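A.B. asks: Residues per chain, in single letters:
There are 2 protein chains.
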Amino acid sequence: MRFRCSGRMALSWVLPRVLPELARGLTRPGCGRALRRAASASASVAPDFNSFVTRTNTCGELRSAHVGQEVTLYGWIQYQRQGLFLVLRDFQGLIQVIIPQDEAHSHVKNLLCNAPVESVVRVTGIVSPRPPGQENPKMPTGDIEVKAETAEILNSCKKLPFEIKDFIKKSEALRMQYRYLDLRSFQLQYNLRLRSRIVMKMREYLCNLHGFVDVETPTLFKRTPGGAKEFLVPSREAGKFYSLPQSPQQFKQLLMVGGLDRYFQVARCYRDEGSRPDRQPEFTQIDIEMSFVDKAGIQKLVEGLLQYSWPEERGSISTPFPSMTYEEALAGYGTDKPDTRFGMKIVDIGDFVRRSDIRFVQHALSYPHGTVKAICIPQGVRYLKNKNLESLKESAKSQFNQEIVEIICRPDGSLKSLLTRFLGEKQQSQLVQALNMQADDVVLLAAGEEKQVVRSQHYDLVLNGNEIGGGSIRIHSAEQQRFVLEKVLKEDSEVLSHLLEALELGAPPHGGIALGLDRLISLIVGAPSIRDVIAFPKSFRGRDLMGNAPDYVTPEELKPYHIQVSWPLEEKEAKKN
Amino acid sequence: MRFRCSGRMALSWVLPRVLPELARGLTRPGCGRALRRAASASASVAPDFNSFVTRTNTCGELRSAHVGQEVTLYGWIQYQRQGLFLVLRDFQGLIQVIIPQDEAHSHVKNLLCNAPVESVVRVTGIVSPRPPGQENPKMPTGDIEVKAETAEILNSCKKLPFEIKDFIKKSEALRMQYRYLDLRSFQLQYNLRLRSRIVMKMREYLCNLHGFVDVETPTLFKRTPGGAKEFLVPSREAGKFYSLPQSPQQFKQLLMVGGLDRYFQVARCYRDEGSRPDRQPEFTQIDIEMSFVDKAGIQKLVEGLLQYSWPEERGSISTPFPSMTYEEALAGYGTDKPDTRFGMKIVDIGDFVRRSDIRFVQHALSYPHGTVKAICIPQGVRYLKNKNLESLKESAKSQFNQEIVEIICRPDGSLKSLLTRFLGEKQQSQLVQALNMQADDVVLLAAGEEKQVVRSQHYDLVLNGNEIGGGSIRIHSAEQQRFVLEKVLKEDSEVLSHLLEALELGAPPHGGIALGLDRLISLIVGAPSIRDVIAFPKSFRGRDLMGNAPDYVTPEELKPYHIQVSWPLEEKEAKKN
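Heads up: the sequence lines are chains U and P, in that order. Mapping the first sequence onto the numbering used here, position 476 (from 1) lands on 476, and the numbers just tick up by one. Mapping the second sequence onto the numbering used here, position 33 (from 1) lands on 33, and the numbers just tick up by one.
Hints are computed from structural coordinates only; laboratory data are not their basis. A couple of the hints might just be wrong.
To be verified - Capping the alpha-carbon separation at 27 Å, the derived lysine-lysine pairs in DSS-like fashion look like this:
| # | chain 1 | residue 1 | chain 2 | residue 2 |
| --- | --- | --- | --- | --- |
| 1 | U | 229 | P | 158 |
| 2 | U | 559 | P | 158 |
| 3 | P | 490 | U | 490 |
| 4 | P | 158 | U | 487 |
| 5 | U | 240 | P | 158 |
| 6 | P | 559 | U | 572 |
| 7 | P | 572 | U | 572 |
| 8 | U | 158 | P | 490 |
| 9 | U | 240 | U | 345 |
| 10 | U | 240 | P | 572 |
| 11 | P | 559 | U | 490 |
| 12 | U | 572 | P | 240 |
| 13 | U | 240 | P | 229 |
| 14 | P | 490 | U | 229 |
| 15 | P | 559 | U | 559 |
| 16 | U | 416 | U | 393 |
| 17 | U | 559 | P | 240 |
| 18 | U | 559 | P | 490 |
As the list claims (entries may be wrong) - To be clear about the criterion: a stretch of chain U counts as covered by chain P if any three or more of its residues have a C-beta under 8 Å from a C-beta of chain P, and this derived list gives those stretches:
| # | stretch |
| --- | --- |
| 19 | 139 to 149 |
| 20 | 234 to 241 |
Here the structure is a predicted model, which is why all the values come from computation and not from measurement. From the three backbone atoms N, C-alpha and C, an ideal C-beta is built for every residue, glycine too.
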């Protein structure tokens, strides 16, 4: 069972503690200036999709205003009807093309009538209004049609492995095998084009408005301490391996030491997590680092970045984003990735039930961080059947070893619960008030001990309950960093000796953030999976189903890298036979 | 011996054959429109380097106009003199800071006098004119100084491993080990910031002006046929490997099949070439592909791209670039990467000496493609001593098994050469005319057979004798592609079956180009090596000397990937002991 949230976007910061600087940062001089600069830079021209080619227009852009013009179009045949007309498609949309029926154009008719669906054609013709009554208001180009004068089949399509219109219903594996066919869909075209536009706007904001430098950092590096999830790349030196880093963290900090005081990169990152749903072995992050900045500065930067690059058609976002501490997030939403559109906050009712004689409550409160919390579900009696309640209680028990007790508010305002007999009238009315209970509401109550967390100068950015970014003000003192490495993280600091030495040689204070681009875009377009915003994603087992990667290589190909395969026993046997 | 070329930039196309379309492409409708759009889009605002931080100005931007203002600066101590003043540095330049000498500021004086060179400091103070006579016209900020009011040492620098001013003289290995110190130099700051600016302009041109879509393609793919230079990445499936592709070639073609008709990517590419001078195992290319385009269209696109992104301070380039066929390049310059600034073209003099009785000439001309060629070096007697000529002849003999004979033009216009006695007076004057010989010129003559080349729809872009781009109009017919793979390239077409199948299912005609970004930027900034335009380059053996990559990993770390190291025998022995 999931509670539905409204469609709007809810961005929020989750911080280790309330920041007095936050408010200060928001009225800092220069904000007005930045906004004016943004406005001036975004007064852009629409791109010309027809430069460098003989295409005069895209199919989807034609309107009544084009009537009378001769146009040259390139596109795919969506369908063809009775030798009379066909619908041509490109990335911008569909256009109806009238097939000429007169003798002089028999060649054109012949070509267009015999071309299979999804063939690529060039059509030249005159834009005409559709005959009265034949307009199609559902089609953006529905007022017009193009009367074909000449045509050319540029590539004839062989029989498709399935009907293209049923494609969406096919298994995802098949769609990934024929990814290039799936890419022709309006949805994927939209997703990838929007992604490109958003990233471009981000670059404008960072480079052109705020003087950030786009620096490419290596992806062939070496294993970081604890980097168990890093892919290895064998080198030609026996026994030595590169590693594909999970982020450019070390490099961006070294750039700060190197005086490149505002860095960003749309960085390809790698993580070998085996099979995990909706993860990709390679992914992209907007990687940002700044010198001489504090948390408030980074937050302001990111708020401006998202506001500037947010696509108009997806509504607007307002800044500053609400900010809460990690403890507030856990207390109010029970997670460090709160969906702030979710109105039903958790309420601490420990004080109201402390003096009651309920055994599991008393047990929980006897611990140092014992607590009793409740959540009120408005009109809960409508949504929660008995079996829903039972299944909730069961999973609370099996997953968290927790008791859940419900309290129902009857139409007359009285409470129905196993607990009422342990609560006095005053306690009951205090509960009703604290939880703002109305008739037909259901309250779920649980008791237990809160885990404590002691944290660094860290901040997370959360969108609709998804963590889309995280960062911190870094440690720029070598001693502190060495202490954290050795005493807190229990790592061998020798592996990071180059970084520690760099911190000793004039490292400025610095901080930054990384935004998960794939997740961010998937949330903006409302895609169910990050695979829908990646041109060629891997399956959840890390396979490319189109090109069949990874694949076997010959022992000869492994020789220069001084490695050999250790076959598991059964495969070894199978290979022998 | 190298002939000096003028400083200007010479871009040219090298094509398989003369293109009648080229001239047509240049006057195509839409060019004027594109230029107007470009002009409108490039009317940009200067970036704000001080947003989000408490810095009011960068050190290098201060001028007389700032006199009287209180400024807050962040930077590195370049040097300090006698407790009286110090020079503070950031990426934009240097500023002189006056250390206060009065009792009230003793704390500030104390801080600034004791901070080691290259420490990071914050200084707040008033911009003042320098006392008359103490201005420094060599310094952009030389008319002013900042009288420090408050200061803070943000990070004290430990003793540097060498004097920073001598850094440039140190070995490159040491500079690469301390790359972050080298990055503080104005030269590397300039190179990396210019690179970022140029790439940003390219993106504006492609995305904002011409509707290209920035699509990220995977770098974990599978070995391409003949991809012997591809790094391997072991997967968790025994015996199966990903491969890091040398270019997104397959993906960009599949994007065209998928209807993303204008693609570009600033693409990370990988090539394992072992040790080769001035190559990097990972490098970057501007990768472009378009549907429905011809060679002329691609050339026009790239000419516009380079013109739009070319940095003003490096002069301007004019379009169209000169275009020559592959045969013309070889005939005129003896290379397919001609430096067109090099005025001394090769001249075919076969006809003038055909009837002479010179044995090695006759021998060469007896072959089907036999030829005699010469190059005239103006004022050659001044530059070429006997030992230069001898060494030229020796290398021609040892490297190409070629005889070289010189002809010297005496001050009176007569020719001095071993050959003159074989040539009649008419032949001699024909030679003088064909080679435009003047007094003191030296002609070098060689004879041999020309190699013949049978080529595709290919084009290369050459800058000052360096190939910086290459591309082609692709084969979009599955049959043709299969024929080329099997019959011409002798590859197993099965490995590319997904691409062949894609070509059968509605592939549009398409073509593209890839520009080598590292090389291009290094030529623009005049850097001797591509390492000077890469933030963290590898050594020529492919090592990261700062972080020490590649490095050994434990056998346990190899286990999930089902591989083990095959130690060469001697290392195995050494490991035992």
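A.B. asks: Okay, which hints does this one fail, numbers in order?
C.D. replies: 1, 2, 3, 5, 9, 14, 19
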